[in-house]
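Q: Throw the hints in and build the complete structure from the sequences for me.
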Amino acid sequence: MIDESRINIYDFLYNVFYGTVTKNVYAAREPQELTKSDVKDGFVVLIVGELNDASEFKGETYGSVRCYVEAYIPPISRGRLDYDKYSSFENAINDAISTQIANSSNNDKYHIQESATLTSDIDGATVADNTFFTFIKSFIVYICS
Amino acid sequence: MAKKTTLKPVMLSYRAVGSATAYTDVSGVLKGLTITQDEPESTEIEAEFFDSPFYIEYSGNPVTINFELANYDLSELVALIGGSVTDNKYEAATAAFTTEKEWKLDFQVGNASLVIYRGLAQATLKKDEDGALNYAFTITSLVYTDSNDVNHLYSIDGSN
Chain A
21 MIDESRINIY DFLYNVFYGT VTKNVYAARE PQELTKSDVK DGFVVLIVGE
71 LNDASEFKGE TYGSVRCYVE AYIPPISRGR LDYDKYSSFE NAINDAISTQ
121 IANSSNNDKY HIQESATLTS DIDGATVADN TFFTFIKSFI VYICS
Chain B
262 MAKKTTLKPV MLSYRAVGSA TAYTDVSGVL KGLTITQDEP ESTEIEAEFF
312 DSPFYIEYSG NPVTINFELA NYDLSELVAL IGGSVTDNKY EAATAAFTTE
362 KEWKLDFQVG NASLVIYRGL AQATLKKDED GALNYAFTIT SLVYTDSNDV
412 NHLYSIDGSN
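From first to last, the protein sequence lines are chains A and B. The numbering of the first sequence is this note's numbering, which starts it at 21 and goes up by one. The numbering of the second sequence is this note's numbering, which starts it at 262 and goes up by one.
Simulated from the structure, these hints should not be mistaken for lab results. Small disclaimer: the values here were computed from a predicted structure and weren't measured. Heads up, the beta-carbon is just placed ideally off N, CA and C, and yes, glycines get one too. One or more of the hints may lead you astray.
Interface residues of chain A toward chain B, partial, derived using beta-carbon atoms under 7 angstroms [said to hold, decoys possible]:
hint, residue
1, ALA74
2, GLU76
3, PHE77
4, LYS78
5, GLU80
6, THR81
7, TYR82
A: Printed below as a string of structure tokens:
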């Protein structure tokens, strides 16, 4: 595989989304216990997929990995979708990705590829006995040596 | 010596033909490096009264290594594909450029390396859909005659 640590990619994603979307950011999976803010304001989970390495040897060529941002949005009364919160999460995630792409330099190690950004359908999930609406934004990160 | 299965290339490198200097590594190679040698061409001396020929003359084909170089320093290109570099700007050669080097492919498992004594290298610019800007290399083995008038094609070093 390419000479790369997955935790560095998590760190890259964390810096892209922490504070820009929400401060409730978790890596790899949703937490088993939620804070009051998680339940009230929602949170995001970052997931790094399978690394694809293009190197024949030495891991010095380049690689790519599909990454996922899962947004967990709390419902309003009677379990209804909170349209405002949902759209603010989606817009903030889109903005964070666009800002990262705009600010990236040719010499950066990680590059988000704009044309590979996908959004999944809305769905529901239960975390620590709390229900959330979720959607997933996914994109490809290029890893350059 | 023992029987070995040789696999997993770990480094491609080159140096001047016939020299004993250190090899220069070519590391930023895309997956898909191949080594091939076509079957020899055959010429049959047909017999009039028999189904089988009197003789079949074979003439061999060279060994060919193909790979794509995706990660390179512009200054590396000059030695491999000609052109020139000044102030971090590469100017490509305007005519087809070839270079002759001794090429060595090291393996992780089995025999240590394959050496092409005199490989004619030629490269073209290439970018596939969703791929990097590469140079597609073709290295073709030529006969190398050493100072003792002994001819060489390639060797495999089994000292692992």
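Q: Each hint should be assessed against the structure and marked as holding or not.
A: Outcome of the hint check:
Among the interface hints, the one on ALA74(A) holds; its C-beta lies about 5 angstroms from the nearest C-beta in chain B, closer than the 7 angstroms criterion. Checking GLU76(A) against chain B by beta carbon gives a least distance of about 4 angstroms; that is within 7 angstroms, so the hint holds. Interface hint at PHE77(A): satisfied, since its Cβ lies 5 angstroms from the closest Cβ of chain B, which is below the 7 angstroms cut-off. Because the closest C-beta pair between LYS78(A) and chain B is about 4 angstroms apart, less than 7 angstroms, the hint holds.
Checking GLU80(A) against chain B by beta carbon gives a least distance of about 5 angstroms; that is within 7 angstroms, so the hint holds. Hint status for THR81(A): holds, given a least beta-carbon distance of 5 angstroms to chain B, under 7 angstroms. Nearest Cβ of chain B to the Cβ of TYR82(A): about 6 angstroms, under the 7 angstroms cut. The hint holds.
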